[in-house]
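> Take the sequences, apply the hints, and build the full model.
The lines below spell out each chain.
Protein chains: 2
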Amino acid sequence: MSKRSPLAPARFPRLPEIDGVEIAAVAAGIKPGKQNDLFLAALSPGSAVAGLFTQSLTSSAAVEWSREVVEAGKTRAIIVNSGNANAFTGTAGVETVKGMAAVAARQVGCRSGEVLIASTGVIGEPLPLDQIFRAEEKLGDHLGSCSWKRAAEAISTTDTFPKGAFATCEIGGKRVRIAGIAKGSGMIAPDMATMLGFIFTDAQIPQQLLQLLLVRIAGRTFNSITVDGDTSTSDTLVLAATGRAGNTPPLSIKDSSLSPFVDALEQVARDLATQIVKDGEGATKFIMLEISGATSFQAARRVGLSIGNSPLVKTAIAGEDANWGRIVMAVGKAGERADRDQLEITIGGVAVVRAGERVIDYQEEPVAEHLKGQEIQIGVDLGVGRGSATVWTCDLTHGYISINADYRS
Amino acid sequence: MSKRSPLAPARFPRLPEIDGVEIAAVAAGIKPGKQNDLFLAALSPGSAVAGLFTQSLTSSAAVEWSREVVEAGKTRAIIVNSGNANAFTGTAGVETVKGMAAVAARQVGCRSGEVLIASTGVIGEPLPLDQIFRAEEKLGDHLGSCSWKRAAEAISTTDTFPKGAFATCEIGGKRVRIAGIAKGSGMIAPDMATMLGFIFTDAQIPQQLLQLLLVRIAGRTFNSITVDGDTSTSDTLVLAATGRAGNTPPLSIKDSSLSPFVDALEQVARDLATQIVKDGEGATKFIMLEISGATSFQAARRVGLSIGNSPLVKTAIAGEDANWGRIVMAVGKAGERADRDQLEITIGGVAVVRAGERVIDYQEEPVAEHLKGQEIQIGVDLGVGRGSATVWTCDLTHGYISINADYRS
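Those protein sequences? They're chains A and B, same order as listed.
Taken in order, the first sequence gives residues -3 to 405; the numbers are from our numbering.
Taken in order, the second sequence gives residues -3 to 405; the numbers are from our numbering.
Read the hints as simulated data drawn from the structure, not as lab findings.
Here a beta-carbon is modelled for each residue, glycine too, at the ideal position from N, C-alpha and C.
Honestly, I wouldn't trust all of these hints.
Per label pair, the in silico range of CB-to-CB distance [unchecked claim]: (1) B:E371 - A:S398: 23 to 31 Å; (2) B:A351 - A:P362: 56 to 64 Å; (3) B:T87 - A:A347: 18 to 26 Å.
Below you can see the structure in the form of structure tokens.
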């Protein structure tokens, strides 16, 4: 891993073990050196698994495979490699996917069709199956004795720190645990980017409800972050529930026993998603865009993403400049309803634009002070409705250019 | 003006005078120093004028005013200032627009409602009318004795070189001239960006037909360029036809006498539009994206813009890396139909991807050599239809970050 992002959390959190989940992470030689690059999770029989995949119309073979596995409704294993995305590798790529499924199936003791697969890394280069085969035994030996931190490292590529998060809550009086790992630092944009996320829980949740939950929570977390607006061919977010906590399964998303779990899950997902932003390539500032007064949540999120993807806004913040004109510009290009003459903008809580005009003599000093910090808050009220959303992004710096004009991903 | 772009043309072209057009450019003190920042064009009575404006939903007062003038169908003057966009300046901004119209009307001898207005520069700062008033007399004195180069300079902001283009052709045996000036270097994206363009001709074309022509040609030129995907609140493209050439007016866009004019106009518009890209902030390479095999022109253009707006593609080209994987990624996120397994990509004319896979042993040397040059050609065949489009963009470099993290626009 390269130099740790200045926005990285102090340390990897202490993720709990999840009953019914066994993990392994080994070095298969796909990434250079002896870095861990192959991850396997074995799920106990009867686990429910939900998945969300890239919206890219040129998605990878692994994504196509995994979509079908999730739809079939029975998943017993997840195998992930980093260092090579196995994308645009034609028929060889499809063979590699089959081979990876076979390896996982043998080690977990299930059918190939019960294995989810994700690959991330270089596009267009063949991923030699023999490397995976050679690592198979090590993978099996390792199963059940692996730390979450090591697992998070094994799924990482240009990440400068491993990403994990956890929460506990109760469902109908039963204690339930949630643990998740994620990776991603560039090519991050909504509807999944080069972003992998795997969240595990021992809660008992029926598969259909689990999928509904994942869609809802992803909209407010993983699909509300952006680093550079680019979308990868491999993005995958998986939520696996083993049911070992033994809670009474909730039957509907409206079931009141479910709400602490929804909150806890959203917290884990938000934590992972914002860690990805904090590892944004070249990022020196973490930006929280709070959009309100929109016609809907979707409209608010689109406006937030328009601001969060604007190179001019992101460079202004890198330059610690309260350039609200660029924020207004980005609101305008989002294509969502806004009232120019009702627009309100705050930076670090200080109103700089009110009723569509600069607040004469707004306090520049606290704003300047806020912009010197690492966590930047920008509020935008569109003045046309009650929809709101939060979008997270980072600044655009020389670091991004250096990483992406040199590193071949 | 700052350091000239390395992609700038050797010199400003020799634009012809256009019969029925008188221009002036003076220094009103809006830009620092004694830079020219106020431009006036007087059009002879009976001129037809077409206009296209920003799609931004937070457009400036000048844009709102000018839209109405074009719709009313009678334009006698165009007044433009640089250095201040007069955007988000509330009721004071509306007063400034009225004042500018009055100044132009007095000097040209027309009604205020016959004056088109454009402003470009800093957003959100008041544009003091008294500066415009003080410059009025100078403006009148200067009318008719101004060079196109000086006019192009007067409408510029962060541009590093003035932009002009011309062409001549015949309509039904009559010689016709076209001359245009433009400005723009950052915040350039389709559907107009901080982009101003003014094209003048002595051809006689009915207003409705002129508007139709402008829309068609803008789609293939000004709306097919991108620097950073950002869209300004002030973009304006105007086409004025004085009719002084005395040609028989064509009645329909299908009139065969019109086709040389359409070609010449497209040439001028493309020349101006690509000059804007060549002045892209921090640009060191000019990139031509030729998309074919799409379901339509619109689909091809959208794919081209998706590639042309991708920070990952643009940084790869800055790094002279034949990273076709990022091109494939950008095709995938465009949301247009493409066949992953039919995709073909060429760089500098050399096939690097065929049938969705890397061409094994493609000639890397000529590709590497091509990427070292200043003009980069990338061809993408989507393999699903017959639609094609060309999109122009530039690379994303440290220069862009330096300009936009420091300059307050």
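> Could you work out which earlier hints the structure fails to respect and list their numbers in ascending sequence?
Failing hints: none at all.
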